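There are 2 protein chains.
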Amino acid sequence: MIRVVLVEPEGEYNVGFVARLCRNFDVEQLYIVNPRCDLRSALNFAAHGKEALLKAQVVDTLSQALEGVDLKMATSSDADNPGDILRLSIPPWTAAEVGRGKRTALIFGRESVGLTREEISMADFLLHIPASKEYPVLNLSHAVSILLYEFRREANRDQRNVNA
Amino acid sequence: MIRVVLVEPEGEYNVGFVARLCRNFDVEQLYIVNPRCDLRSALNFAAHGKEALLKAQVVDTLSQALEGVDLKMATSSDADNPGDILRLSIPPWTAAEVGRGKRTALIFGRESVGLTREEISMADFLLHIPASKEYPVLNLSHAVSILLYEFRREANRDQRNVNA
Ligand SMILES: Nc1ncnc2c1ncn2[C@@H]1O[C@H](CSCC[C@H](N)C(=O)O)[C@@H](O)[C@H]1O
Ligand SMILES: Nc1ncnc2c1ncn2[C@@H]1O[C@H](CSCC[C@H](N)C(=O)O)[C@@H](O)[C@H]1O
Ligand SMILES: Nc1ncnc2c1ncn2[C@@H]1O[C@H](CSCC[C@H](N)C(=O)O)[C@@H](O)[C@H]1O
Chain B
1 MIRVVLVEPE GEYNVGFVAR LCRNFDVEQL YIVNPRCDLR SALNFAAHGK
51 EALLKAQVVD TLSQALEGVD LKMATSSDAD NPGDILRLSI PPWTAAEVGR
101 GKRTALIFGR ESVGLTREEI SMADFLLHIP ASKEYPVLNL SHAVSILLYE
151 FRREANRDQR NVNA
Chain G
1 MIRVVLVEPE GEYNVGFVAR LCRNFDVEQL YIVNPRCDLR SALNFAAHGK
51 EALLKAQVVD TLSQALEGVD LKMATSSDAD NPGDILRLSI PPWTAAEVGR
101 GKRTALIFGR ESVGLTREEI SMADFLLHIP ASKEYPVLNL SHAVSILLYE
151 FRREANRDQR NVNA
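Same order as they appear, the protein sequences are chains B and G. Under the numbering used here, read the first sequence as residues 1 to 164, first letter to last. Under the numbering used here, read the second sequence as residues 1 to 164, first letter to last.
Not one of these hints is a red herring.
Treat identical chains as interchangeable: a pair holds within one or across any two.
Derived pair list, reagent style DSS-like, types lysine-lysine, alpha-carbon separation capped at 25 Å:
#1 K102 / K55
#2 K72 / K102
#3 K55 / K72
#4 K133 / K102
#5 K55 / K133
Simulated from the structure, these hints should not be mistaken for laboratory data. The structure displayed is predicted, hence computed values, not measured ones.
Please construct the entire structure, taking both the sequences and the accompanying hints into account.
What follows is the structure in structure tokens.
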């Protein structure tokens, strides 16, 4: 079970796209912490994911959004700086393996400033999508798409094993 | 070497996001066939990928966009319908393996109607990202992000082997 958690998202289009992605990848739980944009306008970008947005849980704090999960993974474009233990990261494929069969929250930060160090320290792991050394900062909804794709791939691998 | 080919894109934001993704994943070649939206406005969504958009090749036909590559991969949300041989597909991880070390064009269709059958028949492979049976249609730029992520992963696997 995956829960997508958006912390204080600022862009309508990103929230809409993420709702669509939840539908695309059969993710049932979308939590939005203290949105900084208009969720009504976000519907314009959700295509057939409108329902995922309408039933999203809107909460005030990150702690509330993390209630009831087994595993919490924060995400960041900024990871593995020498000497900074808080920012040691795992890649998506490892994260998907670690999360297998667990209720896993994937936590995404603000478009402008990402997650705070305090928010990252609430997670069990920091997840980083390897990208260009010069410009590793993906747009929020594109980071979401890559992780939902990778977690789905891992879940289906399970299924094949179970059936085999 | 990856070349991203967008066929008649209709949404400014998608073109801008794709330019950003090219920069995020160190993709040097972006071709845009007969754009149906304003490329100037697309710059607003490119963040630090503006240069990738400014140096994109804008051409009139898909054939022109495919000159000089070894391998052509069309993409579609609609694949593997019984009895339709044109739509037998490979998943992203297989595509990335097949494309290893080759000049590979990844061809993406219109937001409204995708690629025509004629356009798909110009490719060597059809690539489909496994997604929800109920709603497998990803937004254009999110399909791009997942494939660039997967091809980069495969390229880096190479590197590790070479260095080992
Ligand atoms: N890679 C990582 N991802 C998430 N949390 C981590 C982490 N490495 C350490 N932590 C957690 O971070 C906390 C202390 S690290 C100290 C960071 C401090 N809050 C700061 O802002 O500088 C501990 O709870 C530890 O378990
Ligand atoms: N390479 C990457 N790996 C993992 N998550 C990423 C990512 N690029 C972007 N994201 C996600 O997208 C969100 C918005 S990007 C935030 C960028 C901000 N300038 C910063 O300083 O962090 C991030 O908080 C993270 O959740
Ligand atoms: N699941 C998926 N696998 C591969 N490519 C996809 C995809 N979902 C969307 N795309 C890409 O995004 C583009 C726009 S989506 C096009 C949808 C259109 N209604 C149709 O009938 O095809 C597609 O042409 C394809 O390039």
